[in-house]
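Given next are the chains, with one letter for each unit.
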Amino acid sequence: MADDKEQKANPADAQLSVDDIVHGTFVKQGTMVAFPTCFPGASVPIRADESRITALSYSPNGMIYGGTSGRAAHLFVGMFHGVTGMILDRGVVEGADHCAAVCCVKDRFVACVNGPEGGRVVGAQYQDWPYDLIQEWGFWEKPIHELARLPQERILHAIASPDRTFIIGLTDRKLFTLNASSKELAVHGEVPGSGRIALGNKGGVFGLDGPGHLWRFDVAARKLERRAIALPAGEWADVPLTWARDEHTGLLYTADARGQLFSLDEDRGFSSPLGRTAISPVATMAVTHDGRLFGFCGNELANLFCYDPHTRSVADIGAAVSVLERRRYGYVFADAVTGRDGQIFFGENDDLGHLWIYFPSIAKRSA
Amino acid sequence: MPNKLARREFVKGSAVAAAAFLAQSKPARSSSGTEPAEASADTSYRTSWYPFTGHPHADSCWSLSVGPDGRIYAAACSEHMPGGVVKVVRYNEQTDALDYLFTLDEMVDDPHDSGRATQCKIHYSFVPSMSDGVLYMATHLSGPPIDQPAYSPWRSWHDEKRCFRGSALLAFDTKTDRVLWWDTLIPKEGCRCLLHDEERHLLYALSYPRDHFIIFDTRTRTRRDLGRIGSVNAQALFLDRRHRVWTTDDYGHLVRYDPEIDRLDRSPFVLPHDPEFQTGWHSVFYDVVAAPDGECVYAVTWIAAPRLMRIWPNEGDWPRVEDLGPVTQKRNPSIPKDTFVDHCGGLVFGGDRQLYYVASRWRDPVYNPMPADRPAREGVVWRLDPATLERTEVAVLKHPTDLAQYVSRGAVDRNGDLFFGNVGTKPVGIFKLHMPADRRIKNAHLPIRIWG
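Keeping their order, the protein sequence lines are chains F and H.
Numbered according to this note's numbering, the first sequence spans residues 1 to 367.
Numbered according to this note's numbering, the second sequence spans residues 1 to 452.
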């Protein structure tokens, strides 16, 4: 017992108070709100084992489109501005159990899904603004249309082109583009499909090209360049490559398997290591309007982290918990997008997944 | 095989060992309401107190169950003291005292001074195996490492030196008093509650903190994780005649695992709750006991102002649920009442086929101005007649030095007496409720309860 045995573990932990341990474990800066996949009080959430949120996209009118995975894949739209405050289940994509990406293009939102028969790209009309969701409302089902099939392939990720006229997608073996309006599908070459892709600041799209390089796809020229950029020193084998883009500068961020953060500028290449997350791997991240990078790291029970480019420091912000709207712990997250006001939406990749809205803290002015 | 088990048989819904007392049941009330009426106190019951003197660091008794041998087993838990561990005890009817069977950390090679969170308690996780006389038990977490004032599983999840090693599952042979084997039931997590479907050789558990639904095959000693339910963590599971396993989610919905479809499902309705200040949130099961005929269960919720209900799992697509009303007193609804003060647990059927449970009662200047010579808080043992739903106060649990309003679990032994686990101030221990002679039935523990 404590009173008759030598203490063995880290004595620094003994200095913590009970409150430090209990409450200081969870988000230490900013506020997280877990929002259910429904209109609370007016509809039920997406069924628990069909609601693992794995894809998010931010639309031009400020709504959040997403897709789920599990026993079925649903598409949904979340709206949190004006007199709204809901998530609408836009329906099940028949035959799909995984949503790899959602992209907002000019005239619709597009989802890349997978199922037993392979990958598919589907699309549907954007959601109109509803009337006042405190007073009265009406919603009508809008069909989900199939745009393309990629039989026997699994789609890993996709993003919208800069002009939002088409999507660039990655399967487990090739790179493709699809015009959502014309349904024109084009394959641009074989690549070793792995991780996610991202748009750089000079019109290049990047993806992992083996353990040492990135490929680059020139969006304007529609040309793929293999082994275009060498990866910086780090652990890149088997990394679940993820990205975040600073929409103000176009700067990209990524992390190696040990949580070592780097930025990528198309002119200057990779930065030196910016810092390292407390645990790894990094699952998803996004950049808010002032340039801070927020993301989740660690398997099974993730922690939120922040990289501040102004101070060049990485902070562990703690485990996710929501005490507003829903009382919930958050453990696993798969995608993130930045909202209108710099809040970050995280997709919870767990049973009964919620859309988590993180409001970063605002620093006090110095004297 | 089923006929040999003598467990609480939903599958058969049949013969019960002690049936004599149906004749004593009063006529059923009219169907105008299902809330219990109260009768005047029955003073023919006597209580005894058995503190955990053999484990002075014990600060709670979270688990108390009847073993396959008809004897009472309890967990002397130590969850607040850094480095604390649980000891397993058994009531000895010959000596009228507690026997200390073993210290758990020593049995599973996870020493109390390892620097990790400790094997500090067993939480509603004793379950019997009738065919071989084994009592399964699974440990839970919360006890801090030896040099920390508290433990947070969220904080230490990725810390190899601190993280709880995992819920240890032990197979204790009640015939030889030996631990036959142990295994890790849930890595890194504790077991909040456990159930044994002996016919199918399956243990079901809820993990903490992640609230995952776990299935463990005792033949192959393999584990399956069916996924997450929520955040609160229900405190009980029960089984129906179709081998479906039931629990609750954060919002007071029934959650059902059906082996036929291998999927968790949630009821479309919310369980009974206080309409004035509750929404159904946190109306998770605290304790559930099966009626002797196996056709229904009685359950109480884990939230202040707990609600008693009767659930008929074998009826309909989703069960019929009867709201039997609140089991504790009224209070000021503008203040969230302490969970440890406003509580109900220890649901158990006696050999007289009456439901017994322990509900707290406390002094309140407005709603319950108890006399000054009474303790400020009491654990009241109630007897509820399932036929009439009339409830009668039969005893108040008397702790020699402190208050005793919180009971975790109750059980009936082979002699027909009732036992209750106490959570409160040290010394903690267990209570025995000596049943009146005309209600004390041999083998009243059969068919046996199969969940903790």
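Take the hints with a grain of salt, since some may be wrong.
[Said to hold, decoys possible] As a list, the in silico DSS-like pairs of lysine-lysine whose alpha-carbon atoms are at most 30 Å apart:
#1 H:Lys432 to F:Lys28
#2 F:Lys28 to H:Lys175
#3 H:Lys175 to H:Lys337
[As the list claims (entries may be wrong)] Quick list of simulated restraints, FRET-style, between CB atoms:
#4 F:Pro273 to H:Pro275: 53 to 59 Å
#5 F:Glu146 to H:Arg219: 43 to 49 Å
#6 H:Ile261 to F:Asp163: 44 to 50 Å
#7 F:Trp137 to H:Arg320: 58 to 64 Å
#8 H:Asp132 to F:Pro273: 44 to 50 Å
#9 H:Arg320 to F:Thr31: 51 to 57 Å
#10 H:Arg320 to F:Pro192: 22 to 28 Å
#11 H:Arg219 to F:His310: 56 to 62 Å
#12 H:Arg241 to F:Glu247: 57 to 63 Å
#13 F:Gln29 to H:Asn368: 41 to 47 Å
#14 H:His80 to F:Trp137: 48 to 54 Å
No wet-lab data here; the hints were simulated from the structure.
Beta carbons are placed, not taken as given, at the ideal position from N, Cα and C, and that holds for glycine.
Evaluation of the provided hints:
no., hint, result
1, H:Lys432 to F:Lys28, "violated, 47 Å"
2, F:Lys28 to H:Lys175, "violated, 52 Å"
3, H:Lys175 to H:Lys337, "violated, 44 Å"
4, F:Pro273 to H:Pro275: 53 to 59 Å, "holds, 58 Å"
5, F:Glu146 to H:Arg219: 43 to 49 Å, "holds, 46 Å"
6, H:Ile261 to F:Asp163: 44 to 50 Å, "holds, 47 Å"
7, F:Trp137 to H:Arg320: 58 to 64 Å, "violated, 34 Å"
8, H:Asp132 to F:Pro273: 44 to 50 Å, "violated, 58 Å"
9, H:Arg320 to F:Thr31: 51 to 57 Å, "violated, 42 Å"
10, H:Arg320 to F:Pro192: 22 to 28 Å, "violated, 57 Å"
11, H:Arg219 to F:His310: 56 to 62 Å, "holds, 59 Å"
12, H:Arg241 to F:Glu247: 57 to 63 Å, "holds, 58 Å"
13, F:Gln29 to H:Asn368: 41 to 47 Å, "holds, 44 Å"
14, H:His80 to F:Trp137: 48 to 54 Å, "holds, 51 Å"
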